[in-house]
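Chain by chain, the residues:
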Amino acid sequence: MSQQNKNATKKKVQPAPFLVQMGIYASILFVANVISSLAPASFPVPAPVIGMVLLYSLLSLHILKVEWVDSFGAILINLIGFLFVPSGISLAANLDIMKAEGIQIVTVIIISTIILLLVTAYTTRFFIWLKKKSPVHAHSKKAVQPKSVPVRALTHAKGEN
Amino acid sequence: MQMLTTPFFGIFLSLIVYLIGQWLFKKTHGLFFFQPLFVAMVLGITLLVVLAKFLEQDVANLYNTAYRPGGDIIFWFLNPATIAFAVPLYKRNDIVKKYWAEILSGLLFGTVISLFAIVGVSKMIGLNRIGIASMLPQASTTAIALPISKAIGGNAAITAMACILNAVIIYALGGWLVRKFRLNNDPIGEGLGLGTAGHTVGSAFALKLGSVQGSMAAIAVVIIGAVVDLVVPIFAHLVL
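If you read the sequences in order, they're chains V and E.
Going by the working numbering, the first residue of the first sequence is number 1, and it counts up by one from there.
Going by the working numbering, the first residue of the second sequence is number 1001, and it counts up by one from there.
So that you can see chain E by itself, here it is in the shape it has in the complex:
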């Protein structure tokens, strides 16, 4: 057990499962089900569950004592990685200057419409009030979504799950969705959508599609953060 509680274990596990994911992705010629991040997540959780059974421990406990020390080190690098999106954004300053009003209104109205749709879907599927409140702040990054979720009476763990799965889903299904709904007809909307739905990971995905998409996704991450901060508490107060 002791050798598992050093950061080496978490870093080792993260890299191995991700590399297996990359290998599977290549072997299957890019089948979305074997998207490396998705494979790494499922494989990593499965390994922790099996290991917990083997050590006769609680999974959450094993995650906290064994995986987290290493996982947190990798996780920290998302901080500078998020900042780095300022560079693709700056490189397409021409688009920002020309379309700033459309970008702002698209994000603001898009969020409000999405919130109504999300409440509708949640009610149809039968989530309770806590569940619905937990779904509302998911358009922003985790650091904003969690406190807002708590403030409007949601469950922070469910919100965290939503924010994380958003990114995984966009990374895995983004290509298919973009093709299916012909989002590439309008790279500005495409980028803003990917940044809103997939956060930083969605922005990395958008950047692969093009410089306009990447820069728009980056600006979406910033502005949606502010929009969620301001709009979601009011929305929750009025609608829930």
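So here's chain V without its partners, still in its complex pose:
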């Protein structure tokens, strides 16, 4: 009974077998790595980033179906917190920097992270606000200057300074 149910739901979107999905990821990584090694030293493009663009293009061009890469990718993305643990622990190799000027550096890094998050978020919000504003009410509402969003963006950017 449950078997039949499973089959019924699987009929709609048939995920590719696990090994096939892994094969697709491995092929893309391999090709991406070849492309990455051809990039000039002054313009580094890492293999995983090229791989993401490749996979996105293959999906957009309908060469790959999303169900061929979806479930394996979801598992990897759910694991990212754990996959990043070795990077975190790698700071053990740089403890001497921490001893010398660690507090200053860590403070700047924390503030920089918040700057990047807020400035990017509010700058984008500003451009989306511009787009929404411009086509329809361009002339009638021009007198009402940026009120909520851009002012906020500025104060936050300054607040971090």
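If you are wondering where the hints come from, they were derived from the structure by calculation, not from laboratory data.
Every residue gets a Cβ at the ideal spot worked out from N, C-alpha and C, and that includes glycine.
Any given hint could be a false lead.
[Claimed, not checked] If you only want the chain V side, here are some residues facing chain E, beta carbon under 7 Å, derived: (1) V49; (2) L55; (3) Y56; (4) L59; (5) I63; (6) D70; (7) G81; (8) V85; (9) G88; (10) I97; (11) A100; (12) I111; (13) S112; (14) A121.
[Unchecked claim] Straight-line alpha carbon distances no greater than 25 Å define the calculated BS3-like cross-link-like pairs of lysine-lysine that follow: (15) E:K1098 x V:K132; (16) E:K1098 x E:K1208; (17) E:K1091 x V:K65; (18) V:K131 x E:K1123.
Chain V is fixed; fit chain E onto it per the hints.
Showing chain E alone in chain V's frame:
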């Protein structure tokens, strides 16, 4: 010592510290200080330091000989995991098609404004020129940031630290920051910000908030890489 130099040790240590982190996180009902990745990092480094004292070894040396063989195996899987973000991005192609100009300009101008702010903060806190140069490429993933940092006269180790801590900070404090600054009013900007500030880990965090946020964070990781490649060397040349 010999049994520590096989990959088994690094994999074992990574899993144990992360699981302890998950357990603490659950026990404290999601207190940000006990975010699993943060706990795993602090606990793992502490254990290596203690072990190094015990074995009368240098910590960096112990890290390289004992932890890295296993750590590198886990680390490798970040490659396919990064690629996997193409799937959530593709699923929200509607947003990409509708807002591509806003996404590009938001990321480009956002980065330039952030760079000025980061230089200002670094000068105020008193970093030297090498320190400031090391802070500039941190918006991109490590693989891009390190060579750029070296090229503009920074210290690659400090840049690596920045890129790693970015991710840890976003994972730990992201929820609080998003609430505090009401970023969820605009999921596109929210996602782009999380991807820029937190890289791949930030993208995983953004995906938990919603499909738009996740896809925007993924596109941010790609485009910020190119922006840092192009803008940071010019910026460093003009400003530093």
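Identify whether the interface hint at Y56 (chain V) stands, where standing means a beta carbon of chain E within less than 7 Å of its own.
-> 4 Å, holds
Return the status of the interface hint for I63 (chain V): holds when the least beta-carbon distance to chain E is below 7 Å, violated otherwise.
-> 12 Å, violated
Have a go at the G81 (chain V) hint: is there a Cβ in chain E nearer than 7 Å to its own Cβ?
-> 5 Å, holds
Go through the hint on G88 (chain V) and say holds or violated, using the shortest Cβ distance to chain E against 7 Å.
-> 3 Å, holds
Holds or violated: is the Cβ of I97 (chain V) closer than 7 Å to a Cβ in chain E?
-> Constraint on I97 (chain V) satisfied, holds at 6 Å.
Agreement of hint L55 (chain V) with chain E interface, Cβ distance less than 7 Å = 4 Å, holds
Supplied contact hint for A100 (chain V), tested at 7 Å Cβ to chain E | 10 Å, violated
Quick one, is the V85 (chain V) hint okay against chain E at 7 Å, beta carbons?
-> 5 Å, holds
Taking the closest Cβ pair, is I111 (chain V) under 7 Å from chain E?
-> 5 Å, holds
Mind checking the alpha carbons of K1091 (chain E) and K65 (chain V) for me, to see if they're no more than 25 Å apart?
-> Between K1091 (chain E) and K65 (chain V) the Cα gap is close to 11 Å, so the pair holds against 25 Å.
Answer holds if the nearest beta-carbon of chain E is closer than 7 Å to that of A121 (chain V); otherwise answer violated.
-> Since the shortest Cβ distance to chain E is 3 Å, the answer is holds.
Could you grab the alpha-carbon distance between K1098 (chain E) and K132 (chain V) and see if it respects the 25 Å cut-off?
-> Holds, at about 12 Å.
The structure shown violates the earlier hints numbered 5, 11, 18.
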